[in-house]
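Peer 1: Chain residues, written in single-letter form:
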Amino acid sequence: MNIRTHKFYAIVTLIACGFASQAYAQGKACIELKTTAEVEKEVINDKGEKSKVLVPAGKVVPGTEVVWTVTANNVCKQASDKVTINNPVPEHMTLVANSAIGAGSQISYSLDGKSFAPAGQLTVQENGVTRPARADEYKHIRWEFKNALAPGASAFARFRAVLN
Amino acid sequence: MQSARHLVAVGIVSLFGMWVHEARAVGVPAGTNINNTAQVTYTVGSVSATATSNTSTVTVAEILDVVVTLQTPSMPVIAGATQQELLYRVTNTGNGPESFRLQMTSVLSGDEFDPVAAAPSIYFDTDASGDLSPGDTPYVVGSNDPVLSADAFVTILVVNDIPAGVADGNRGFSRLLADARTGVGAPGTAYAGQGANGTDAVVGTTGADGEVTGEYLVAGIAVNAVKSQVVADQFGGTRPVPGARINYTIVVGATGSGSALAAVFADDIPANTTYVAGTLRLNSVALSDAVDADAGDFSTTPNAHVSVQLGALTQASGSQTIQFAVTIN
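Listed in order, the protein sequences are those of chains A and B. Going by our numbering, the first residue of the first sequence is number 1, and it counts up by one from there. Going by our numbering, the first residue of the second sequence is number 1, and it counts up by one from there.
So that you can see chain B by itself, here it is in the shape it has in the complex (with noise of 0.2 Å):
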């Protein structure tokens, strides 16, 4: 089983896009040792020599600098919804070994609706896979602090709960801060011998401190897809060989209190794959390739990929089975 590959319910059900902000460290690392030795060279008389001066050290003192990203834009939830994360990357731009504290609220202004905190509400996504599962450990302040070399990042969930009387539309804003434990300040503070190595500690110019605000956006409908396949080969069997035909099946369901308007469904054609004409169907009922009246068709462009308008999903609608099928380059 898996997941179909797009699934675009226009207007309420929003994909959520990736983005990374790449937050760079920079700088020599912190307790280096800048060495500086001059030459001279000379004559007296026409005798030539040569000399060297003493060596001049400074050592490079620790930055400390931390910056927070959102990597979940905007969280689609349902009212009511329990446990529902945010995920975050914080990074130490500084250039030496830093632990960091980390926050979260969820008490802020600009929203709608105030999500409320889950107990624990911070988690490490320590399997890394992007959402909330058994393997990912709870953060506890003061005990588990993120220890991180400079250039590090680490993943972190910040998990709420939403409200049962939200509406669709309503926007819940909770923010993840982390600050270095060092010490924060004006940029330039300093922290006497406090810095890697035994050196001092200086305030960088992110104040030491980052923070983000991410949003939970209400959309009052969750639409969900599940694909299946059955391989049927050209000698009565099931082996998956160049020319055997699979089956695919995909059953899309929506649950909440809303409804999907003009939801579309759209999946490529897999690759070293060809689409059988005539073989996409809704609900069991045959849909023409052609881009035409009915509800479905098979497109080459931009890459091949078969579409099926859904139109208004709820889930009163129940589940809504689309089949197609293709052969095995």
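Extracted from the complex, chain A is given alone in its bound form (with noise of 0.2 Å):
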């Protein structure tokens, strides 16, 4: 082994630290998105009290409210910024107005995925006169988190929509 060696073995190394930090960014998500329905359901309690607890939501009539929640969970050792969770009111659904919630995050919604605002502050066309649009007609909700995500933490997203 000479010293020629020695210099190429070093570049090598240094080029495959550089991709293997990008592929890790790229191709290993730090963050971990979940989403699951749940519904409130009353239950009472030996002492006779009855109170609301979410099950799982399998099968649901019209009218029936879903309570959705997304949990994003960091996974990664370095902490994630601008964390921002987007999510469509699903189909067949009427998003329930203020039902949106989200700890540390600003929401704005949007009519058509494009373009965001904070609740009242967007507006529809309807027979040529603009007026607010409707928390029922909100088809897109946005969470944009404030601080970074450390390591292990997760952001939590919720919002309620009805069954049409």
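Do not take every clue at face value.
Some chain A residues well away from chain B (every beta-carbon gap over 10 Å; in silico) [what the hints assert, rightly or not]:
1) 40
2) 49
3) 52
4) 80
5) 85
6) 92
7) 97
8) 101
9) 123
10) 132
11) 139
12) 150
13) 152
14) 153
The list that follows gives simulated cross-link-like pairs (lysine to any residue, SDA-like), each with its CA atoms no further than 20 Å apart [said to hold, decoys possible]:
15) A:114 to B:41
16) A:139 to B:200
17) A:52 to A:32
18) A:82 to B:301
19) A:82 to B:41
20) A:41 to B:200
21) A:146 to A:107
22) A:139 to A:63
23) A:34 to B:37
24) A:139 to A:77
25) A:41 to B:52
26) A:146 to A:101
27) A:114 to B:52
28) A:82 to B:39
29) A:77 to B:43
30) A:139 to A:153
31) A:34 to A:76
None of these hints come from the bench; they were simulated from the model. Here a beta-carbon is modelled for each residue, glycine too, at the ideal position from N, C-alpha and C.
From the two separate chains plus the hints, produce the assembled complex.
Peer 2: What follows is the structure, encoded as structure tokens:
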């Protein structure tokens, strides 16, 4: 082994490291995203007190309110920044007004999936007149989390929608 | 031949109105899958990335709902009449296809007589005529239960005989009931796996059954009118060309035991024709067009029509013949 060979190895290693870190960010996702559908169910405890719990929504009838929860979990050793969750209101469902929540996030809505604005700032054209869009016309929800998501931490977004 | 447009015998013979209660199904069709997939964008260092969630699915269960509506508010009948029908509509207001069992009963309280169920007593209005006719198919429970898709309806005839001894003004009730074959119960009752496409079936707000009560009203007398026409053109022929004259003859008769008080015959002048002044006649006696002492008049409000006061009509009165003429514009 001579000196030239050593240099060559070093270069190869550097290149390999560069590729690896890029591949890590692009290929293996740092955030694992999970969505669940639940419905509220009233339960009565042994003291006779009523409370509501969320149970998985399997089969639901029209008119049922479904609670959709999206959880973003950072599985990397680095923090993830500018975490933004997008969720269309599912087909055949109507968003419940003011039901979207997500701690530490700014929530905006869209009618077309392109332009987003906070609640109350979207408008629609109807018979030549511009009016504020109603919550039941919102078709997309966006949560923009203000703080970076630390390794191992989870961000949480939720909305309710009624089956048409 | 065509029947006269209006025949009003005030107080005894009620014209029946038709009303349609709009029953609409609600909801996404049973068995539909509702999917949700979220997306996240973020940056790690200077690298931005996107990830997609699992797809979470809920399946739309079947709601069992049915509404029965009456299409004949009150059916005038005479004592002893047979095969008298009431018209109902059974609508599937659920969100999936469902078959319904039909039942009728005429033994009900609150009325003066019980109609006697004919055999068979429930028919499909197969020919959509709105009355019992030879083309209508009898309903046989469990054999030809109507299968209705969401929102669909079927028109049903309930057929009764009227007892001989009933008096004028008496009412007899008859009821049609429909229930979902999958099951009935309190709203929310679930039938696991028994809905459309193997999903669950859940009883809706109607309890998955419906019923409505119809009424026969003994009118004592039935008044009918038969209208005929003869065309005479200005060239001596019978072609209905502009300028041709149409001579109408309406024969009004009463059958039954009672009397139709203050019967009034009214007939609109047909569109695109003009009434020929001075042509109104009752039993060949000319009636002036003015509203005056004689029984008939021609009036243009609210629309052009002739009317003739027939007074109290009984079967013994015999036929009343009304004539008038129009020209084609």
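Peer 1: Taking the hints in turn, state whether each one holds.
Peer 2: Cross-check of the supplied hints:
1. With a least CB separation of 14 Å from chain B, residue 40 (chain A) remains clear of the 10 Å interface cut-off, as annotated.
2. Interface exclusion of residue 49 (chain A) from chain B stands, the closest Cβ pair being 21 Å apart, more than 10 Å.
3. The beta carbon of residue 52 (chain A) sits about 16 Å from the closest Cβ of chain B, which is more than 10 Å, so the claim that it is off the interface holds.
4. Non-interface status of residue 80 (chain A) relative to chain B is broken: a Cβ of that chain comes within 10 Å, the nearest being about 4 Å off.
5. For residue 85 (chain A), the requirement that its beta carbon stay farther than 10 Å from each beta carbon of chain B is not met, with the minimum near 5 Å.
6. Listed as a non-interface residue, residue 92 (chain A) fails to keep its Cβ farther than 10 Å from every Cβ of chain B; the least gap is roughly 4 Å.
7. With a cut of 10 Å on Cβ distances, residue 97 (chain A) stays outside the contact zone with chain B, its closest approach being about 19 Å.
8. The claim that residue 101 (chain A) is not at the interface with chain B holds, since no C-beta of that chain comes within 10 Å of its own (minimum 14 Å).
9. Residue-level check passed: residue 123 (chain A) sits 25 Å from the nearest beta carbon of chain B, beyond 10 Å.
10. Distance to chain B confirms residue 132 (chain A) as a non-interface residue, since its nearest Cβ pair spans about 26 Å, more than 10 Å.
11. Against the 10 Å criterion, residue 139 (chain A) stays outside the reach of chain B, whose nearest CB is about 13 Å from its own CB.
12. Distance to chain B confirms residue 150 (chain A) as a non-interface residue, since its nearest Cβ pair spans about 12 Å, more than 10 Å.
13. Even its closest Cβ contact with chain B, about 14 Å, leaves residue 152 (chain A) beyond 10 Å, as expected for a residue assigned away from the interface.
14. For residue 153 (chain A), the requirement that its beta carbon stay farther than 10 Å from each beta carbon of chain B is met, with the minimum near 12 Å.
15. Taking the CA atoms of residue 114 (chain A) and residue 41 (chain B), the gap is about 15 Å. The hint holds against a cut of 20 Å.
16. Note on residue 139 (chain A) and residue 200 (chain B): the hinted pairing is violated, with a Cα-Cα distance of about 28 Å set against a maximum of 20 Å.
17. Restraint check: the Cα-Cα separation between residue 52 (chain A) and residue 32 (chain A) comes to about 29 Å, which exceeds 20 Å; the hinted pair is violated.
18. Pair hint residue 82 (chain A) plus residue 301 (chain B) does not hold up; C-alpha atoms about 76 Å apart against a cutoff of 20 Å.
19. For the hint linking residue 82 (chain A) to residue 41 (chain B), the alpha-carbon distance of about 7 Å falls within 20 Å, and the restraint holds.
20. Taking the CA atoms of residue 41 (chain A) and residue 200 (chain B), the gap is near 17 Å; set against the 20 Å cutoff, the hint holds.
21. For the hint pairing residue 146 (chain A) with residue 107 (chain A), the CA-to-CA distance comes to about 11 Å; that is within 20 Å, so the pair holds.
22. Proposed proximity of residue 139 (chain A) and residue 63 (chain A) is supported: the alpha carbons are some 18 Å apart, at most 20 Å.
23. Our distance criterion of 20 Å between C-alpha atoms is met by residue 34 (chain A) and residue 37 (chain B), whose separation comes to about 9 Å.
24. A threshold of 20 Å between alpha carbons decides the hint, and for residue 139 (chain A) with residue 77 (chain A) the separation of about 35 Å lies outside it, so the pair is violated.
25. A hinted pair counts as satisfied when its Cα atoms are at most 20 Å apart, and residue 41 (chain A) with residue 52 (chain B) does not qualify at roughly 29 Å.
26. For the hint pairing residue 146 (chain A) with residue 101 (chain A), the CA-to-CA distance comes to about 14 Å; that is within 20 Å, so the pair holds.
27. A threshold of 20 Å between alpha carbons decides the hint, and for residue 114 (chain A) with residue 52 (chain B) the separation of about 18 Å falls inside it, so the pair holds.
28. Between the alpha carbons of residue 82 (chain A) and residue 39 (chain B) the distance comes to roughly 13 Å, so the proposed pair stays at or under 20 Å and holds.
29. Under the criterion of a C-alpha separation no larger than 20 Å, the hint pairing residue 77 (chain A) with residue 43 (chain B) is consistent with the structure, at around 13 Å.
30. For the given pair, residue 139 (chain A) sits about 28 Å from residue 153 (chain A) by alpha-carbon distance, which is inconsistent with the 20 Å threshold.
31. Of the supplied pair hints, the one linking residue 34 (chain A) and residue 76 (chain A) holds, its CA atoms being roughly 16 Å apart against a limit of 20 Å.
Taken one by one, the earlier hints fail for this structure at numbers 4, 5, 6, 16, 17, 18, 24, 25, 30, listed in ascending order.
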